[in-house]
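J.: Letter by letter, the chains look like this.
2 protein chains.
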Amino acid sequence: MKGLDIHDRPKKLRGSSHSRNPQSSVFIPIRFLNTTSVDPSMASDYSGTPVTLDTINPKVLNCEYAVRGEIVTLAQNLQQELKENPGSRTFDEILYCNIGNPQSLGQQPITFFREVLALCDHPAILDRAETQGLFSADSIERAFQILDQIPGRATGAYSHSQGIKGLRDTIASGIEARDGYPADSNDIFLTDGASPAVHMMMQLLIRSEKDGILCPIPQYPLYSASITLHGGTLVPYYLDEATGWGLEISELKNQLEAAKSKGISVRALAVINPGNPTGQVLSESNQREIVEFCKKEKLVLLADEVYQENIYVPDKQFHSFKKVSRTMGYGEKDISIVSFQSVSKGYYGECGKRGGYMEITGFSPEVREQIYKMASVNLCSNISGQILASLVMSPPKVGDESYESYFAEKDAILSSLARRAKTLEAALNSLEGVTCNRAEGAMYLFPRIELPKKAIEAAKAANTAPDGFYASRLLDATGIVVVPGSGFRQVPGTWHFRCTILPQEDRIPAIVTRLTEFHKGFMDEFRD
Amino acid sequence: MKGLDIHDRPKKLRGSSHSRNPQSSVFIPIRFLNTTSVDPSMASDYSGTPVTLDTINPKVLNCEYAVRGEIVTLAQNLQQELKENPGSRTFDEILYCNIGNPQSLGQQPITFFREVLALCDHPAILDRAETQGLFSADSIERAFQILDQIPGRATGAYSHSQGIKGLRDTIASGIEARDGYPADSNDIFLTDGASPAVHMMMQLLIRSEKDGILCPIPQYPLYSASITLHGGTLVPYYLDEATGWGLEISELKNQLEAAKSKGISVRALAVINPGNPTGQVLSESNQREIVEFCKKEKLVLLADEVYQENIYVPDKQFHSFKKVSRTMGYGEKDISIVSFQSVSKGYYGECGKRGGYMEITGFSPEVREQIYKMASVNLCSNISGQILASLVMSPPKVGDESYESYFAEKDAILSSLARRAKTLEAALNSLEGVTCNRAEGAMYLFPRIELPKKAIEAAKAANTAPDGFYASRLLDATGIVVVPGSGFRQVPGTWHFRCTILPQEDRIPAIVTRLTEFHKGFMDEFRD
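Sequences listed follow chains A and B, in order.
Take the first sequence: its position 169, counting from 1, is numbered 169 in the UniProt record's numbering, and each next residue is one higher.
Take the second sequence: its position 373, counting from 1, is numbered 373 in the UniProt record's numbering, and each next residue is one higher.
Calculated directly from the structure, the hints in this document are not laboratory data.
Please note: incorrect hints may appear among the correct ones.
Just so you know, same-sequence chains aren't split out, so a pair can sit in one copy or run between any two.
To be verified - Each computed DSS-like pair below joins lysine-lysine, with the alpha-carbon atoms no more than 30 Å apart:
#	residue 1	residue 2
1	Lys333	Lys295
2	Lys296	Lys83
3	Lys453	Lys296
4	Lys165	Lys59
5	Lys520	Lys83
6	Lys298	Lys373
7	Lys295	Lys422
8	Lys83	Lys397
9	Lys298	Lys59
10	Lys295	Lys373
11	Lys333	Lys253
12	Lys373	Lys460
Treat the numbers as computed from the prediction; the structure is a model and nothing was measured.
Make the full structure from the sequences, and use the hints.
T.: Rendered as structure tokens:
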């Protein structure tokens, strides 16, 4: 990690939320700032070029993606300021708590996974004596196994459009071991992370703005962005904050009926479990109700299960929607479920590798052909990501040389994440006007803030959403980047922010101090 | 490579184009076969599930992608047959000449590139003594340099949505060295291969079917597929086969006017140089005319330059469209050019790594923000692909430890490709009724076949395009997979196929023999 450890410098922390440098004010009402430092007044100079905001696809214009939106651009500008003017602020580095990007905050990759990837990247060293000294025996063995599954051992070749068959077999076995029900490698589509898989399903299902997708509110903005880009309608269903972000079937029914009455044909229900940004884990009984609802209403169940390994409380467990539907007696031809999984989350956190898969069940052969065709237009996903997806679904087993170190690494990460979630949750709940549900899973806390009227007025004056105002002030005063709740949508009139639990554990106390002092200062400034 | 070397078994080659196994007949008129072996009659059993061909996005249904279409599924079935019944055919393996996938046909990766990738995947070994014995000194040095460019050295973290800044700097320097004109890392968007970059531009530019994109005919079907998926109109311009696939400005003008008269607003001109599937290399004077045309007609120039390193004739050279426009005095604000580059092509052929970039110039800051936002919805491209894209734009230099071996590997691949192109071109031109333009660049030959009337009638009876009929028969008789010209579009009434020049050189004589004997048999069967 670059920058100084804020834990070492409590004396520099200050509670004031005032910017020391008015010129770097973060309250300018620009929705998406350019990544280059071009003076906006120069825009007219481009009158000789053909593309303008008036002539681009309006779906692109309307699309929003808050997780990497304005707040991140402000953070990048602030980072640049710190680089050019070290000491200009009360903090020395920007802490990106806006996005589930564990390794950017110092989480180390699982050694076994990286050993195998390196060997598959450069198989020429597999037979060399030095390699035995550098790599574990089982990583060498696994690399040989994987290479044998790749036609011609060509890790640099395009694969089958669904991904390498042998790797899909491994993933299907992993799913079987997890669920206790059969899985078929022909149902697996390997993708560059879960996002392209979600896009593919939206592209398949959405014909026009009359097609709707039921999405939780709050939701991960990939869903709203993807629905907008594909020209459909997001049909919201609200999670109940009062019951730990409960998913009520009555709410699903009401929203479905409301959509139907507006002429919207609802095609699918998206469920994120464990929840993002909300961190709840669904109970099995709730999942059964959801399956029943999809079955009855003939909806595709889009099951975002990328946080399946991220569960931090003993009273909750992950169950895949496919498993739940099978335990209910529903088979392949009874219900359509797409399960999304990613190498970016879990204890592995390999976001940069862009690996993932979707398991599609309950689609007719002719519809599957169309999904296959869509996959084939982009040829295939990256092979390292494919290999990694197979590894996370079949990690070392008891008796393997790497098992003990693998398990120790995994356990250290997951138990630390659980502790961090608890500490941050308690800290947030101790703040004036802040309430925060339990982070049962995933990588986020989504606290609610009761903002004083004066703060809401100040935000209005700055032409910013109140939670955006709060997040901007927090960033400006502490260097901590969180995403305003409005980026995920929320019950109108309520305000939240999403904060990851990912900063390294030794930094958590300083973050709590910074956050607490900032919040106190903010409330002192704006309290009604 | 798996399978037996066909070169060793000329005695088994036969000229007959008759299938020995009628049950494996390849002439069934199915456009896209399922990858799973589900009996189509079972489809009705899915009546309990919500998604049918009638209710999916019709843009998906209308999209075609021949390079991985029917012919590949037929080949996969045949491969399965060979596996289950070895010796059932006159050949022992399927030769995939349908797609530019060099490593699938035995091309070896460039050692230096793979060394650096492996070290970046597992940086823990960088400081180990054994590593010195396994890796070249400059690959170790380069890995350190690259890791220093990645915030926190985290190769497993999401990067900036455009890609890691330091890698983009390297790429910009590589472009500057290539072109002799400045390049800006803020103009670079790293992507998972060139395909997602092309999709991104289509998504930006296409608002409805009234928006058109000028595309060469024949064209690489990514363009037609992407335009269909985004709901636009492909405005064709025909390359002139008689003048070596010449690109005539008068043809561009005529087609532009014709489109305008139908109410189509033409947004962009796609040019593939070197050509795919046609293999021609544009002259600089022709490129200047094209730039002038785009400037005058206010079209975005979509420059597919992924084959920039694949040039096989001494009288042709690659010039980027950006360079050509700069030599004409056009600057950043005069013309909009998007240059696509990929790690999949060139002498590296790293298709499975899914790396590439687009360099966008001549877009206003507010339009660039929108492109940035689109990139951010998918978070970032895979980091190994990003690293590789930087490596191909800055390979070892004279004096580096790896330089000599790197250069030898590169030169061996490119000079062998040139010889293969020449041999295959000559062989094709020697066939009755076949004419084939020179493969000046890229990885393909696109011969024209004068099909006898009887063959056209037989194709009609089999409900197949005549060139699809020819390609199916070729596959069935020889195991050689080529793509029918109709997959790329062609002048109506003419018939072609695309064949890569990628099989390893020692196999070329046997391929020529197989192809020649098949063609003779085919003509004997159908000659008018």
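J.: Sort out which numbered hints this structure fails and list those numbers smallest first.
T.: 2, 3, 7 and 8
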